[in-house]
Amino acid sequence: MSYVPLNIDQIKAIVFDLDNTLVSSDMDFRWLREQIGCPLNLDLLSYVEQLDCTQQQQYASALILQHEQEDAQSSHPMPGCLPLLEFIETHALHTAVITRNCEQATHTKLAHNGLSIPVVITREQFPPKPAPDSLQYLAKKWDLASYEVLYVGDYLYDLQAAFNADMPSCLVTHGNDTPFHHHASIVVEQLTDLRDQFYRSFQTRR
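For the sequence shown, the residue numbers in full-length UniProt numbering are 1 to 206.
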């Protein structure tokens with residue numbers, strides 16, 4: 001996998017991952033895997049979906065929901081989140097959230113942080129990332145070409161989803177080293193850095 005080149009002057013929509021992109025998350029995925037019995041090398045959501053026993057599947061889903069709800073109540077906006085969202089609103093860019101979280105926990109987390117996002121897509125609505133379906137849906141909804149939509153996230157699944165949708169991607173590192181930065185169209189440390197790049201782009205267009 002590589003990445004789709006980014007021309008920031010062409011971007012008309014900025015779409016975000018939620019956890020550790022717009023707001024913080026302290027999900028203990030190792031604990032969840034131990035409780036559910038999911039091996040480390042398997043995707044957690046895919047593992048639960050493929051469980052043969054309905055009772056086990058319901059138990060696993062309930063555990064994930066409980067942890068997501070607890071995580072939502074302790075979350076806070078990531079650095080640069082609010083200024084970037086304000087910039088997007090001021091400049092009439094399209095925006096949305098695409099998350100692997102469930103709908104209930106997602107809306108709890110957005111409300112807890114006072115964030116109003118016009119379009120929110122959760123795992124109940126489309127196949128979860130890295131599937132490109134949700135990004136492709138948004139491009140069609142907004143009547144935009146794929147290169148006009150930038151997807152912003154903090155993890156490999158986000159970069160893969162953007163690549164699979166033929167869209168540019170932005171990796172937010174929060175100062176951490178990552179083994180997958182070379183799969184992103186652009187890498188920033190904080191959302192403030194991304195806002196600054198868009199600000200400079202809009203200044204040169206005038």
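There's no promise every hint is true.
[Claimed, not checked] Subject to a maximum C-alpha distance of 16 Å in a straight line, what follows is the list of computed EDC-like cross-link-like pairs (lysine to aspartate or glutamate):
#	residue 1	residue 2
1	K12	E89
2	K12	D143
3	K140	E124
4	K12	E189
[Said to hold, decoys possible] The following label-pair restraints were derived from C-beta to C-beta distances:
#	residue 1	residue 2	range
5	E49	T173	28 to 34 Å
6	I8	Q55	48 to 54 Å
7	T192	H112	17 to 23 Å
8	D43	Q203	40 to 46 Å
Derived from the structure by calculation, the hints contain no laboratory data. As the structure is a prediction and not an experimental result, all values here were calculated from the model. Ideal Cβ placement from N, Cα and C applies to all residues, glycine included.
Each hint tested on the structure:
no.	hint	in the structure
1	K12 <-> E89	12 Å, holds
2	K12 <-> D143	10 Å, holds
3	K140 <-> E124	19 Å, violated
4	K12 <-> E189	22 Å, violated
5	E49 <-> T173: 28 to 34 Å	30 Å, holds
6	I8 <-> Q55: 48 to 54 Å	50 Å, holds
7	T192 <-> H112: 17 to 23 Å	22 Å, holds
8	D43 <-> Q203: 40 to 46 Å	42 Å, holds
In the structure shown, a violation is registered for the earlier hints numbered 3 and 4, in ascending order.
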